[in-house]
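The hints should help you fit chain B with the ligands onto chain A, whose structure is shown.
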Amino acid sequence: MAKEIEVTLNDNKVTGAEGMTILDLARAKGIDIPTLCYVEDLLPTGACRLCVVEVEGSRTLVASCHTPIAPGMVIQTHSPRVIEARRQIVELMLASHPDTCLVCDKANICELRKIAADLDIGLPRFRTRKHYFAIEDVSPYLVRDMSKCVLCRRCIRGCNEIAKKNVLGMAYRGFDSKVVVDCDEAINTEACRDCDVCVSLCPVGALSKPRKVEEKRRGKVQVIKG
Amino acid sequence: MAENTTITQSKETKDLLILLAQTQKKCGFLSEETLANLARTLDMSLSDVYGVATFYSFLSTKPLGRHVIRVCKSLPCHYKDAAVIIESLEKTLGIKTGETTPDGRFSLELTNCIGACDKAPAILINDDVHGDLTVDRIPQILQAYK
Ligand code: SF4
Ligand code: FES
Ligand code: FES
Chain A
5 MAKEIEVTLN DNKVTGAEGM TILDLARAKG IDIPTLCYVE DLLPTGACRL CVVEVEGSRT
65 LVASCHTPIA PGMVIQTHSP RVIEARRQIV ELMLASHPDT CLVCDKANIC ELRKIAADLD
125 IGLPRFRTRK HYFAIEDVSP YLVRDMSKCV LCRRCIRGCN EIAKKNVLGM AYRGFDSKVV
185 VDCDEAINTE ACRDCDVCVS LCPVGALSKP RKVEEKRRGK VQVIKG
Chain B
46 MAENTTITQS KETKDLLILL AQTQKKCGFL SEETLANLAR TLDMSLSDVY GVATFYSFLS
106 TKPLGRHVIR VCKSLPCHYK DAAVIIESLE KTLGIKTGET TPDGRFSLEL TNCIGACDKA
166 PAILINDDVH GDLTVDRIPQ ILQAYK
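So the sequences go chain by chain: A and B.
Taken in order, the first sequence gives residues 5 to 230; the numbers are from our numbering.
Taken in order, the second sequence gives residues 46 to 191; the numbers are from our numbering.
Wrong hints could be hidden among the right ones.
The calculated DSBU-like cross-link candidates involving lysine-lysine, where the alpha carbons are at most 35 Å apart (straight line), are [as the list claims (entries may be wrong)]:
(1) B:Lys107 x A:Lys134
(2) A:Lys182 x B:Lys118
(3) B:Lys71 x A:Lys182
(4) B:Lys118 x A:Lys134
(5) A:Lys118 x B:Lys56
(6) B:Lys118 x A:Lys7
(7) B:Lys71 x A:Lys213
(8) A:Lys169 x B:Lys70
(9) A:Lys182 x B:Lys56
(10) B:Lys141 x A:Lys182
(11) A:Lys168 x B:Lys164
(12) A:Lys134 x B:Lys56
(13) B:Lys136 x A:Lys168
(14) B:Lys70 x A:Lys182
(15) B:Lys136 x A:Lys169
(16) B:Lys56 x A:Lys168
(17) B:Lys164 x A:Lys182
(18) A:Lys134 x B:Lys141
(19) B:Lys118 x A:Lys213
Please keep in mind that the hints were generated in silico from the structure rather than gathered at the bench.
Note that the coordinates shown come from a computational prediction; the quantities given were computed from them, not determined experimentally.
Next up, chain A with everything else stripped away, as it sits in the complex (with noise of 0.2 Å):
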């Protein structure tokens, strides 16, 4: 058996097996950290730090879906300090996101809404830039929409962990990241059959399947308070 490793989780002692994350023990606790990048069945990289907590004697947030916990950590999971930089994360996020919502497929099923709503972000406090790219319409399994794409990493990471076909990678740098196949195609039968993993695992509409004729957009409708 795992050796049990005592912390102090929000003011309470706990404890976890050794080699959990701090992630893991909170939610074990019933303790609610949003993540976005994070997904439990795939490694974790630490891509989109909106599960960020804070740890005493640590000079930054640190991520807690690849943090391990350690004998005697002292860990905040909804200080003031987290909470705001979760927002500004999101925020950040919204800056560049595409205002298509309205006419989104996913727009009901899309985690980074979801996250927004849950973290009350308001009206944008940083001025937005945009990066736009076709839609790739080309394969009949799936779309893709990149400029709404957040950049989790989780399609590329269910690509080669899941269905081991390795098709997608992460290419240029900073604000031009982008999710490409081979040397920036756009996505075609000969590269990717309809294994849909990567589409099932896009917590945003950057990844869909083609949308029938008639058919209903999935989820119930969201309201966004505010």
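Frame of chain A, contents of chain B with the ligands only:
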């Protein structure tokens, strides 16, 4: 730099960057064919190889001119009005960033910090650093590169 044969024949993923840099030096740019060959030799996906090739400002996936001008786009240079330098270079050369002059003399590219922040705004032309740039000095600097 050592034209190290052991590295050139390497089949290890960790040597990808060295192989890309060597090919860039030899061929001037990295064609899709080159990238595809590398991917095959190293048993990597083409997407991953392309990802590395496009991450670095000193690797190029398209042919470049005889002289490559790289304008620093990092924060210190940005605050010292690198945008004005870029604009002026674009005007002087008659091309946009990322393009090459029709006569093949100059390519205009952006790069991340080149470690000349004390001389911001700074540019690189091939391997030469030109710092403390002003718009007035640009034509004279370019003259040295035929
Ligand atoms: S396409 Fe979707 S799953 Fe892939 S990186 Fe972008 S947001 Fe994440
Ligand atoms: S969920 Fe932890 S960094 Fe994205
Ligand atoms: S920021 Fe331009 S040289 Fe460092």
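Taken at face value, is the distance from the CA of Lys56 of chain B to the CA of Lys182 of chain A at most 35 Å?
Roughly 27 Å separates the two Cα atoms, so the pair holds.
Q | Pair hint Lys164 of chain B and Lys182 of chain A, alpha-carbon separation not exceeding 35 Å | A | holds, 32 Å
Notebook entry, point to check: CA of Lys118 of chain A to CA of Lys56 of chain B, is that 35 Å or under?
Noted result: violated, 45 Å
| said: Hint check: Lys70 of chain B vs Lys182 of chain A, CA-CA at most 35 Å. Holds or violated? | reply: holds, 26 Å
Verify the proposed pairing of Lys118 of chain B with Lys213 of chain A, using a straight-line Cα cut of 35 Å.
violated, 38 Å
Quickly compare the C-alpha distance for Lys56 of chain B and Lys168 of chain A to 35 Å and report which way the hint goes.
It holds: about 21 Å lies between the C-alpha atoms, which stays within 35 Å.
Please verify whether Lys118 of chain B and Lys7 of chain A have alpha carbons no more than 35 Å apart. Violated, at roughly 49 Å.
Worksheet item: Has the given pair, Lys71 of chain B with Lys182 of chain A, been kept, meaning a C-alpha gap of at most 35 Å?
Response: holds, 28 Å
Pair hint Lys134 of chain A and Lys56 of chain B, alpha-carbon separation not exceeding 35 Å = Not satisfied, since the Cα-Cα distance of roughly 40 Å exceeds 35 Å.
Lys136 of chain B and Lys169 of chain A: Cα distance at most 35 Å?
With a Cα-Cα distance of about 46 Å, the restraint between Lys136 of chain B and Lys169 of chain A is violated, given a limit of 35 Å.
What's the verdict on Lys169 of chain A and Lys70 of chain B, does the C-alpha distance respect the 35 Å limit or exceed it?
holds, 32 Å
Taking 35 Å as the top limit, are the C-alpha atoms of Lys141 of chain B and Lys182 of chain A close enough?
holds, 22 Å
Violation of the numbered hints given earlier is confined to hints 5, 6, 7, 11, 12, 13, 15, 19; the remaining hints are satisfied by the structure.
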